[in-house]
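One-letter residues, chain by chain:
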Amino acid sequence: MAENSSEMHSSGPIVSRREALQATAGAVALAALPLQPAAATSSPAGVSSDIAVAMTVNGRAHTLIVDPRQSILDVLRETLDLPGTKKGCNQGACGACTILVDGKRIVSCLTLASMHDGADIQTIEGLENDGELHPLQAAFVEHEGLQCGFCTSGQIMSGLGCIAEGHVGSPEEIQFWMSGNICRCGAYPGIIAAVADVAERS
Amino acid sequence: MFPFTLEKAGSTQVAIAAAASGARYIAGGTTLVDLMRDEVERPERLIDINRLPLGDIRVEGEDLIIGALARMAEVAADENVKRLQPLIAESLIEGASPQLRNMASMGGNLLQRVRCPYFRMLDAGCNKRTPGSGCAAIEGLNAGHAILGTSDHCVATHPSDVAVALVALDATMRVQGPQGERSFPVEELFRLPGDTPDLEHTLLPGELIVEIRVPSGPHARSARYLKVRDRASYEFALVSAAAVLAIEDGVIREARIAAGGVGTRPWRLRACEAALGGRKPDRQAFEEAAQLATEGVRPLHHNAFKVVLLPRTIVRALEMAGEVA
Amino acid sequence: MKMNVIGKPLTRVDGRSKVTGKARYAADFNQPGQLYAVLVSATVGLGRLTGIESADVEGMSGVVALITHRNAPKLAYLPHKAVIDPAVGERLHVLQDDSVRFYGQPVAIIVADSIDHAERAAAAMRITYDARQPIVDHADQQVARIVPGTGTADRSRGDADAAVAEAAVKVDEVYDIARENHNPMEPHATIAAWHGDRLTLWSKSQFLMNEQAEIAAVFGLPVDNVEVICPFIGGAFGTSLRTWPHVTLAALAARHVGRPVKLVLTRKQMFFTTGHRPRSLQRVALGATPDGKITGVIHEGTGETSRYEQFTEALTAVTDYLYSCPNVRTQYRLAQLDTATPNHMRGPGEASGIFALESAVDELSYKLGVDPIELRRRNEPQIDEAENKPFSSRSLIQCYGLGAERFGWVRRTPEPRSMRDGRLLIGMGTATATYPAFHAPSSARVRLLADGTAEVEAAASDMGPGTYTSMTQVAAEFLGLQPEQVRFGLGTTDYPPTPSHGGSWTMASVGSAIRAACLEVQSQATRQAIADAGSPVFEASMEALEWVDGRLRRRGDASPGLSYQDILAKTGNPIEVDGSAQRDPETAEKYSMHSFGAVFAEVSVDPDVGTIRVRRLVGAYGIGRVVNPLLARSQCTGGMIGGIGMALMERTVLDVRDGRPVNAHMADYLMPVNLDTPKLEALFVDEVDPHVNPLGVKGLGEIALVGTAPAIANAVFHATGKRVRTLPIKIEDVLTA
Ligand SMILES: Cc1cc2nc3c(=O)[nH]c(=O)nc-3n(C[C@H](O)[C@H](O)[C@H](O)COP(=O)(O)OP(=O)(O)OC[C@H]3O[C@@H](n4cnc5c(N)ncnc54)[C@H](O)[C@@H]3O)c2cc1C
Ligand code: SF4
Ligand code: FES
Ligand code: FES
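Protein chains in written order, with the working numbering: chain A, 86 to 287; chain B, 31 to 355; chain C, 4 to 740.
Think of the hints as simulated: they come from the structure by calculation, not from any bench. Glycine included, each C-beta is placed from N, C-alpha and C at the ideal position. Just so you know, not all the hints are guaranteed correct.
Looking from chain A toward chain C, a few residues come up when the C-beta cut is under 10 Å (computed) [claimed, not checked]: (1) GLY169; (2) GLY173; (3) CYS174; (4) GLN232; (5) PHE261.
Extracted from the complex, chain A is given alone in its bound form (with noise of 0.2 Å):
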């Protein structure tokens, strides 16, 4: 279980079964949810029958069969293995599953997936640039806007958001375009000073 144990030691993400199979079948992969037939079956009323999307998650395409209650959220941490994404409460009221899409920042936990086909999809996993950080995610870390970490995806997706929309002229002005975001350990501080720092200078 050594790899297992800490990202920080490990040699690589651990590789599922999923992720084998989305390797050999390329760009487009087709990732079926575990023991569900991959095709769309039709069934009577009450039932739901699967459906296919696509959708581009960082930048690759992907087909997807999904039930059609499927968040993005748990498409994301569950089918596709991208758990940077987190579920915090699951009914909109944290901000800790923030992603973009379409590049709007949206909570992913009250988003059916089965809703977005063609979706353009960003999530944390897809800011890094050759192995550079995003320079707000290296902001996070040099303004302290970080603690647990757990919030810190969701926040940092809405930081982008919020600077995107152009909500960066003050501090208190950020502060409240990024009350979406709960931070239980009350990293507040540093997050405005990251996103404040970013918006400076981009």
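Given the structure of chain A, go ahead and fit chains B and C with the ligands onto it with the hints provided.
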């Protein structure tokens, strides 16, 4: 979550036809998906209306027209909205969170369901969710509940912020349904709970909200929305008030006041408005008028403070409106 | 002692993994072939299960198993208790019988192939109960107040009752603090996988060693058969100190289905079985002379606990030592309710107790007409008068001095309702913070590699304070290396045992063990060098040599000396040492060891609508040595924000009819959002404590929260003239001010 099938509407006709045969509209999903996950809502068919061309925000004459699928964030940021009806923008950004506002549609906002905690708990009596099962809130925890428009069957407040603004502004809405199209005041969308709290709105089966029309008026710019709550953001209102003042020659020609967080629907306060007509916009006038807001209140065990807070919120909102007038 | 790495504002060594989403928390360790488990929670507050309709559910799409007390295996539940488990009572046994002891108790578990299938099936469960009326209201006068079975925590010196009764100036009030839930952002989660009779748990835990021992005891396994892995914790604040029933259930489910199982609690379930800060009711009575000398203190408090365990906390402990007073009486009782067992939440009993005490002292200051800081000065003790021992260090008055200056206390006008900013009422308040400087035995492993870098390992945790970073600094310091040359690993039971990650003792305990191991590594390296005929220090005496910046040389010698690489080159083998440390019992006997701080709050209150906002918080702390000022400041400002929550927002509201937490929802249990963040400043007084531990650290995770709520409450009084003795203070409390 109950299983469901999902259809995507390419046209309004298709959407309405689907809804008329039992499908449920879904727009941003921030109310519906949330409640479906708790199985408070159990639609078997969903019709995704997000591709319908109902997202425009435009100006017709002096009126502002907001498409039902315009997102809260888009409406709040729209230049015409900010110019013609800043009250709407203000009430919108005080609601929910930036992420939710990017998702949530205006039509969905009006039809969002109550935040009464018992409503979400399948193991609690709730006449709104399960008619005839009783109301757990009346004898339970009810600090957040309504003091106006309640019945012995339900005491939940309508949670929307922007609905309060729209009701204050005499906005109307256009809907299309299997029987055709009709328009009516937004205020008439909301029913009182009476003995059928499960029936929340006046839409007919299959009717689709198409757009909201906000008439212009001399008062539009001197309007403010005040939302009172324990934390600074990301919380529903304990009490809120939209106040609109048309002041001419130092005298109030017309006032519009509506309140949120206190009523079982967005609560227009016409008695307060009438009391302000012809008065100087000063604190005394505001206080006298605001006292009329609590006529007929029925406080519950934990929410009597709202009887005190409501008039104070109105006074402050009027003062704020007076400052921009 | 001169320090090179300790004391430096190093940014987090794990920062990169957190900002890239690569840091893996319990629920992120997806396993091949994994299934999903969802708990079904009891919907009555007390009673028995009478019927379970399972046939439909078992046939539902994707469902692999339904486990209830009817088909669950009988578990061993061997006796096991760690320090964080209540000493009296027995932990909840799950799915072992039909009894329901509190609302939300797990009564069934569904395993399915997807989250949606599992959740659907869980919702479809129809369970019937024979329900009885639970008693959950702590204020209910019929609830007996018992002396904890661990023995009385009551203390008394002098005659406090007489002193208060005879005092010229008195305060005698009752304070009520709401039940709170920790609500970390990360929900509890466990992924369980069996390999024969060996169990691996990827599980959110602040105490891996205990999770391992507890689960081994529950399943009757040898401890070594259980491995617990938790490299990252998404905040915990105490909720993950104990191993709660869901961990057992995840393991049980995984064994039942023969596949790895992932179980994540819903946010609602986070309010049921994972502990809470118990509601407390406290009476504080103070007597004083007209010139402000406190002559008598009475502090009586009750906490709440479950019927099956007695959770106790140090509710009245601070009162014993905070002020100089000959007559002090404290009393602690428990109310047993039909609720789940509470547990420690950040700054546990101290935070609750000090709210009552420091509110009362503030009230006294107004009655006396003495400045609150001056009142504290006049009653500052020279020693711990309860223990009759000196403090190992106590910088409270310096904290008040530093804090008051930075805060601008002189601008405060003493009269309540005397300060305004436009229409807003402004209030300034202050309060003392204190927390014990604990220490527990710990161990750690240091492996010095031939390339001159080091690997350091301990089964510790990092729930946010920056353990990864600060321990790296400690190791780098005592090995004389750069932080980049040290890799610190935690979060697995394969590493040497450490105490729980709580009680602000991680640095003191684990840090001291790392230090000990590093020093031993160094001396082994020295011995190797001395024994090496080819080395310039061959056959030198140990005393004649010294280590400077990671290089060994003869004392006074100006030559560059030997690096670790030089020394290890001979054998090419690493040096590996398991070190341990514990507090010297003699020193522990001699001194009273606590951290102290002074917190200052400025609030605004809207006189019309009652909105209370904290505008500024300044905390000045004496916490011994600061290992990393960047991390320390974060931890303090974070704790202060937590204190805003405690003061103005947080409460778990129970419906007394059936004991359900009504606001068990992220949107209904309010915690500060970004816009609630005031201007924050955390300051540290220079404090050298040679007694607490070799590192001289006193811990700061808890004290950061402790004084904030009373400082805010005192500021609210100053702003409004209305004394609110309940937490949280809500709009409705000041509306009629
Ligand atoms: C954590 C949280 C906090 C929130 N805070 C606030 C707040 O402070 N203030 C506030 O005002 N709101 C708040 N909201 C509510 C939010 O604004 C609503 O959920 C949102 O506006 C609903 O819009 P939607 O498009 O997502 O609706 P959906 O969920 O898609 O639909 C809601 C309902 O409307 C129906 N519907 C949608 N569109 C139409 C249409 N065009 N015609 C007919 N029927 C339609 C659907 O069938 C459904 O019944 C909050 C929500 C959450 C989750
Ligand atoms: S107040 Fe209305 S929504 Fe709430 S429990 Fe009663 S009936 Fe249901
Ligand atoms: S997990 Fe989506 S908002 Fe909390
Ligand atoms: S860093 Fe822990 S919740 Fe934000």
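Here is what the structure says about each hint:
1. With a cut of 10 Å, the hint placing GLY169 of chain A at the interface with chain C holds, because the nearest CB-to-CB distance is about 2 Å.
2. The criterion of a C-beta within 10 Å of any C-beta in chain C is met by GLY173 of chain A, whose closest approach is roughly 5 Å, and the hint holds.
3. Because the closest C-beta pair between CYS174 of chain A and chain C is about 4 Å apart, less than 10 Å, the hint holds.
4. Because the beta carbon of GLN232 of chain A sits about 4 Å from the nearest beta carbon in chain C, less than 10 Å, this interface hint is met.
5. Residue-level restraint check for PHE261 of chain A holds (minimum Cβ-Cβ distance to chain C is 5 Å; threshold 10 Å).
Of the numbered hints given earlier, the model fails none.
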